[in-house]
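A.B. asks: Below, each chain spelled out in residue letters.
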Amino acid sequence: MKKKIIIILSVFSLLSLLGGYYLIRAIDTSISRFDELVMLHQVEILREHLMLNIRKVQADLYTQSTRHAKDTEEIVGHARDMENTVNACFRCHHVEDIKQRIEQLKHHIEKFDHALSRVLTMQAGEARRRAEVEAAYKIGDELIEQGNTMIALTTRRLNERTEIARRDAGQTRLLLMTLIAVAPLLSIGLAVSLLSGFAKPINALLNATKRLKTGDLDYRVKGLKDEFAELAFAFDDMAGSLRERMRELEESERRYRLLFESAADAIFILDTEGEQAGKIVNANQAAARMHGYTIEELLKLKIQDIDTPETAAKSPERIKRLIRGEWIKAEVEHSKKDGTIFPLEISCGMFEVNGHKYVLAIDRDISQRKQAEEAIQRAEHIRTAGELATGLAHEIKNPLAGIKVTMEALSEESTLSEEDRIALSKVIDEIKRIEGLIKGLLNFARPPKPHYTGTNVNSVLEAASQLVFKSGTRLPGNLRTIDLKKDFGRDLPEIIADPQQLQQVFMNLLLNAVDAMPGNGVVSIKTSYDEKTRCITAAISDTGMGMDAAIQAKIFQPFFTTKTKGTGLGLAISKRLIEEHGGTISIESAKGEGSTFRISLPRDGGKGRSSDEK
Amino acid sequence: METVLSFMVRTYRITIAIICFCALLAPGCSKESSGPVEPAPQRQTLLIGLVPEQSMFKQVERYEPLARYLSLRMGADVKLIILPRYEQILNSFTVHQVDAAFFGSFTFVLAHAKLGVQVIARPVGLDGKSTYHGLLFVRKDSGIRSVRDMKGKRFAFVDRDTTAGYLLPLAYFKKAGVNYKTYLKESYFAGTHEDAIHDVLDRKADIGAAKNTEFERLATADSRIKAELVVLARSPEVPENSLAVRNDLEPSLKEKLSEALLTMHENQIGARILQNFGALRFIETTDSDFRPVYDYAQEIGIDLSTWNQGQVR
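So the protein sequences, as listed, match chains F and V. Going by the numbering used here, the first residue of the first sequence is number 11, and it counts up by one from there. Going by the numbering used here, the first residue of the second sequence is number 4, and it counts up by one from there.
Any given hint might turn out to be false.
[As the list claims (entries may be wrong)] Below, a list of computed lysine to aspartate or glutamate pairs in the EDC-like style, where the Cα atoms sit at most 16 Å apart:
{"hint": "1", "chain 1": "V", "residue 1": "Lys207", "chain 2": "F", "residue 2": "Glu120"}
{"hint": "2", "chain 1": "V", "residue 1": "Lys61", "chain 2": "F", "residue 2": "Glu83"}
{"hint": "3", "chain 1": "F", "residue 1": "Lys116", "chain 2": "V", "residue 2": "Glu64"}
{"hint": "4", "chain 1": "V", "residue 1": "Lys188", "chain 2": "V", "residue 2": "Asp152"}
{"hint": "5", "chain 1": "V", "residue 1": "Lys188", "chain 2": "F", "residue 2": "Glu136"}
{"hint": "6", "chain 1": "V", "residue 1": "Lys61", "chain 2": "F", "residue 2": "Glu120"}
{"hint": "7", "chain 1": "F", "residue 1": "Lys121", "chain 2": "V", "residue 2": "Glu64"}
{"hint": "8", "chain 1": "V", "residue 1": "Lys82", "chain 2": "F", "residue 2": "Glu83"}
{"hint": "9", "chain 1": "V", "residue 1": "Lys177", "chain 2": "V", "residue 2": "Glu302"}
Calculated from the structure, these hints are not laboratory results. In this text the structure is predicted, and so the values were computed from the model without any measurement.
With the sequences and hints as input, model every part of the structure.
C.D. replies: Here's what the structure looks like:
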């Protein structure tokens, strides 16, 4: 394009120069023509003047011999004028033939001068004088004739030159008018050519820019030439770079999005400014899953909406620290959509995008960790209790045996009054209770090793229920009646277990069920087998008073009891024995609606363990 | 290239012409800036008369550069006046208020005798001579070789007041004891030396008399003169045409005139003008230098005081 512009401008300049040169040349020619005309007119005048002078001299000659004869000085003056006039002709530029004519004329004038001089100076007889005068006349006449010829020639040339000059002037006028008409058209043509040369590639580039703006990074500019082709190449290169950059950005964004979305921890991005402070701007799937909301639902909430009141109360202080630039780590509680409160460990800090401040919060559900901590704490508790119980049992057991034997011997004394005997009997009962407690403690702390064998759970349950319900399926009492409902699963496979320990557990649960019903009630036993899990489930339900969640949470803890005379070790021991068998025990209860203890035992639960022991 | 240069020159000329035209359209500027004009000091005028040695116009042409030179050197307006006849130079001193004149030798002698003019200088020719002599000549083919052959012939004198053009023939005829007025068929005064020579050459006259310097000058241009003419007699050497001033001319002007002429050959311009004039320099001249003329006139029997009064033309 640069070359094209240079060529166009050069051509335009050259044309302008040529036009200007031709114009000036034409004007100059016209001026020269007119100069020539003026000069020819001057020549004409000069020759007329010469003729006039010649005629004057002729007249001087005529009057020389009359009484009107002029003074010699005047005659000489006329002759000198004549000479000067012809000499003036030489000052003009003449072509050679004209110059020769003028030379001839001058020569003739000199002859005439000489003849005149001779007439003036001669002193001779009349005849000789007349002859000289006539000779002078003759020269004068020839001179006049020659002058007239030259004047006629000059006039003819003048007319010819005038005609040529007029024609040239006409041509110059025509040329001027043509130039005046053509120059703007040429300028417009060049301007249009240049503009179109610019407009087309600029439009192409503009179109490409629009395509680029719409995201079409694969669009390429085609069909441009010269510098615009280079520009198009650079443009395409830029589009290519942009596309590559975009691809990298997308890749990076996808990676971070994947990281964000697949993170196990909940990630929140929160607004910090104005009324929108705390607004959830973004949240990942883990956050949604953790809180029981969908992401869309979360994005309509503020973080305060899922904070528990205690956590929310501390929010302003945390936000202040965040604004100060601190990175905060804390344990808080959030409530799920269903109202469940769960513990979280949050880690959050502030960041800024385009002058807007946001909080990045990473929340980790620590429910299981808490439970594990509680379990460890409980195990520690049990271990401590066991060690204490063992110690105590060893220290108490022997003295207590002595006391018991002594008390039994005393109670055998016949001398004792009935009153004392009853008292001693109560003492002995209490000693036996202490022994039972010690036994239970020892059992809990160091449970006896199970003796695994093929066990029919239904049979064990049957035996246990018979021991509890001695009169069949009803446990009669003074004020109440408790029915036993049995729904034993058929084709229940045998499992590897210790039947004695299972019986201890079932009896413990059945007795608790009976104890849970102060009035009439029903104790239900149900067994089943799930082929998929290869587990036997035994469920023992009562229609008693039931229990709330807080009690349910502590029911398996040792030394926790709701009974007035309970040791708080029954369920703890039961849980431990079932877990020893690789099973689980759980409770489903509600206040006033009874409770169901559900035991799940794997079919081969004790297999490995019995072999280990062997 | 020449075309371009010529075009540029023409353009330049056109521009200058336009500027001049504009300048003409703005009258008054130059007048205002020029201020009051100081009256120029009155220049002295010196009018010098010339005798027609040759055609009157050629004579004027020959002396004009000299006059311009004198104007320049003297700071005076030196003007020339050509007189058709030699004797008129005498009248010119009273009629035309002529201040000085280049006299022929005999004319000076007459003027000095009648008007008391004072000679100051004369030229030295390119041949180193400051004198000339008269020649009496005929065509070779005329058969005229002596006075005897001249009977019934036509004689072209120059002027009555010329040494070469008249005194020589007078002396020639006197020596032969012949009265030319009756002896010759016709005698006339051609007016100039040049015409006298040409008249004989062109057979308008049979015998002629003229000064040798003019004879030589014409012979240079026209070979026929020496080829076809033959000289029969010579006059004595007399001083070349000399410049003499009127006797009452302001001495300072006379001094300036004399100095300008006598030192003319010392500067380049003067030397060049002298060259064209046909002279090497001007030399100081006094009346005594004209002794040969006086003697010649006396020899012929001319009374200078009465000469030229009532003479037949």
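A.B. asks: Give a verdict on every hint.
C.D. replies: For each hint, the structure was consulted:
1. Annotation: proposed proximity of lysine 207/V to glutamate 120/F is violated, straight-line Cα distance about 20 Å (limit 16 Å).
2. Distance check on the hinted pair: lysine 61/V and glutamate 83/F sit about 15 Å apart at the alpha-carbon level, within 16 Å; holds.
3. Between the alpha carbons of lysine 116/F and glutamate 64/V the distance comes to roughly 15 Å, so the proposed pair stays at or under 16 Å and holds.
4. For the suggested pair lysine 188/V and aspartate 152/V, the alpha carbons sit about 12 Å apart, so the restraint of at most 16 Å is met.
5. With a C-alpha separation of about 14 Å, the suggested pair lysine 188/V and glutamate 136/F falls inside the 16 Å cut-off, and the hint holds.
6. Pair hint lysine 61/V plus glutamate 120/F holds up; C-alpha atoms about 9 Å apart against a cutoff of 16 Å.
7. Between lysine 121/F and glutamate 64/V, the direct Cα distance comes to roughly 15 Å. Compliance with the 16 Å bound is thereby established for this hinted pair.
8. Taking the CA atoms of lysine 82/V and glutamate 83/F, the gap is near 13 Å; set against the 16 Å cutoff, the hint holds.
9. Distance check on the hinted pair: lysine 177/V and glutamate 302/V sit about 10 Å apart at the alpha-carbon level, within 16 Å; holds.
The structure fails to meet hint 1 from the earlier list, while all remaining hints are met.
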